Amino acid sequence: MQRIIILGGGVGGTLVANLLARKLHAEIDRGRVAVTVVDATGDHVYQPGFMYIAMGAEREQSLRRAERGLLDRRVELVVGDIVRIDESRRAVELGEGTRLIYDYLVVATGSRILPEAIAHFNEEAHHFYTPDAARRLRRALDAFTGGRIVIGIAGMPYKCPPAPLEVAFLIDSELRDRHLRDRTEMHFCSPIGRVFTIESVSEMATPVFVEKGIEVHTFFNVDEIDPEQKLVRSLEGEELPYDLLILVPPHKGAQCVIDSGLAPSSGWLPTDRETLQVKTAPDAPDGTKAPRFPNVYALGDATDLPLSKAGSTAHFEAPVVAERIAAQVRGVEPEATAGTYTGKVMCFFEIGGGKATVLQFDYNHPPRPPKPNRFWHLGKIVFNKTYWHTVPKGRV
Amino acid sequence: MPEESAPVISRTIDARGSFCPGPLMELIRNIREAQPGDVIAVLSADAGSRTDIPRWVEKAGHRMVGVFPRDGYDEIVVETLH
Ligand SMILES: Cc1cc2nc3c(=O)[nH]c(=O)nc-3n(C[C@H](O)[C@H](O)[C@H](O)COP(=O)(O)OP(=O)(O)OC[C@H]3O[C@@H](n4cnc5c(N)ncnc54)[C@H](O)[C@@H]3O)c2cc1C
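Residue numbers (our numbering), protein chains in the order written: chain Z, 373 to 768; chain B, 18 to 99.
The set of hints was computed from the structure by calculation and includes no laboratory data.
Given the structure is predicted, the values throughout are model-derived calculations rather than measurements.
Take the hints with a grain of salt, since some may be wrong.
Said to hold, decoys possible - Straight line, CA to CA, 30 Å or less: simulated DSS-like cross-link-like pairs of lysine-lysine:
hint, chain 1, residue 1, chain 2, residue 2
1, Z, Lys602, B, Lys76
2, Z, Lys624, B, Lys76
3, Z, Lys752, Z, Lys727
4, Z, Lys584, B, Lys76
Between the sequences and the hints, there should be enough to build the whole structure, so can you do that?
Listed below in structure tokens is the structure:
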């Protein structure tokens, strides 16, 4: 019996499990292969919806479903806390002392937020990276009658790179509708020298900030929040007073991969950009590749790949992981194209006023976002509504 | 600037496996923990770092010691001033 264990039942883990169940159904039915997903809660959460809770267009109940219902019946689901991965013994330890033995391991434990890493973040700053925080932000926006709004990014990398820009644009639209925009000053702070990491997207988005009258502050790395004076200070020495402060919290990878010695303190797993195998160490400075674990893969937010931490990334990585593991199980070479990740990502990008654009790119082709229009905004809404029937089940 | 006169490097960050804005973010993380007078070298293979890092250093009020081309990467040296 060959055992495939998938850690994390989010976008990446669920899709890999279902694709493997489809590819290996005969082997699973004959009892030669077992596919198991381990997840902390047994619930699957559609995180992109959190932003829409903050914007008043979504409820938490619609964003949560039982993971069991999304998984192929051939996949086993274990609900438990992953504490450690012992690669030398090919074992995963769970909270209650359970040990699961694997032949192949897929790490899809995503990322986590650490607002507490910045003093006074939790009392002073709003965000939209959990349903509770998003609801709190919604209440603050409802109570807002004008003043200074500061929107920024308190750590890179973070989930869904367009999200803070989208939130700035959507709040601008909302305040215009509520006739509050002329009583509001809006500021957007970026830790780097432009508004977005990818240059072509930055070129598309910068004029949108100008058009909407949102002042941009580049190289603004949040250093401290002063709750008495209600201002946020940057490491670069800038100070911005706020009435409403919205910050993307710092992110890290899962604690269990750090504790297992597989990832550095950032928690991002060193991952081969094409095979998605986890590296035993970072590659050497002269380009010599470090050995890869032949049987351990990572995808989604968990990796250190220089790509968006987005569900879309996990979505396009999952077929590669499934192809490679299925081939290994059968003792054949993976199909070259299907078994190689090209860095493909596709993300919608809301710009407010019922318009959006789309970012499609891979390792070799930067995005060339089309002029924002209503079509891509509707595209994002339809995608969000149909997610449950499409992405986790491998139908798109 | 002749390299002989370059100040003694207190810390080297090897960010060669990382792409924009990785090397800049690594530098910022290290500068947060550094003392005034510390000299930090960032090794970066990402061409963007050559312009991004000096621009950030100027804005943040530190001192650029120099960008030194090496074999397939750059060594970017910064002195922490505050
Ligand atoms: C506000 C917001 C907006 C977003 N918008 C978009 C968007 O428009 N488009 C897009 O593509 N992406 C978007 N994303 C990002 C997207 O949700 C994530 O990138 C995606 O979910 C990553 O998938 P994953 O499988 O890597 O991790 P996740 O989906 O986060 O799944 C990880 C799973 O691992 C489990 N887990 C972690 N650690 C343990 C442990 N120790 N023990 C047991 N279980 C564990 C978790 O419970 C979770 O179920 C958004 C995210 C947010 C928060």
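The hints, checked one at a time:
With a C-alpha separation of about 23 Å, the suggested pair Z:Lys602 and B:Lys76 falls inside the 30 Å cut-off, and the hint holds. A C-alpha spacing of about 27 Å is found between Z:Lys624 and B:Lys76, which places the hinted pair at or below 30 Å, so the restraint holds. Taking the CA atoms of Z:Lys752 and Z:Lys727, the gap is about 10 Å. The hint holds against a cut of 30 Å. This hinted pair checks out: Z:Lys584 and B:Lys76 have alpha carbons roughly 25 Å apart, not beyond 30 Å.
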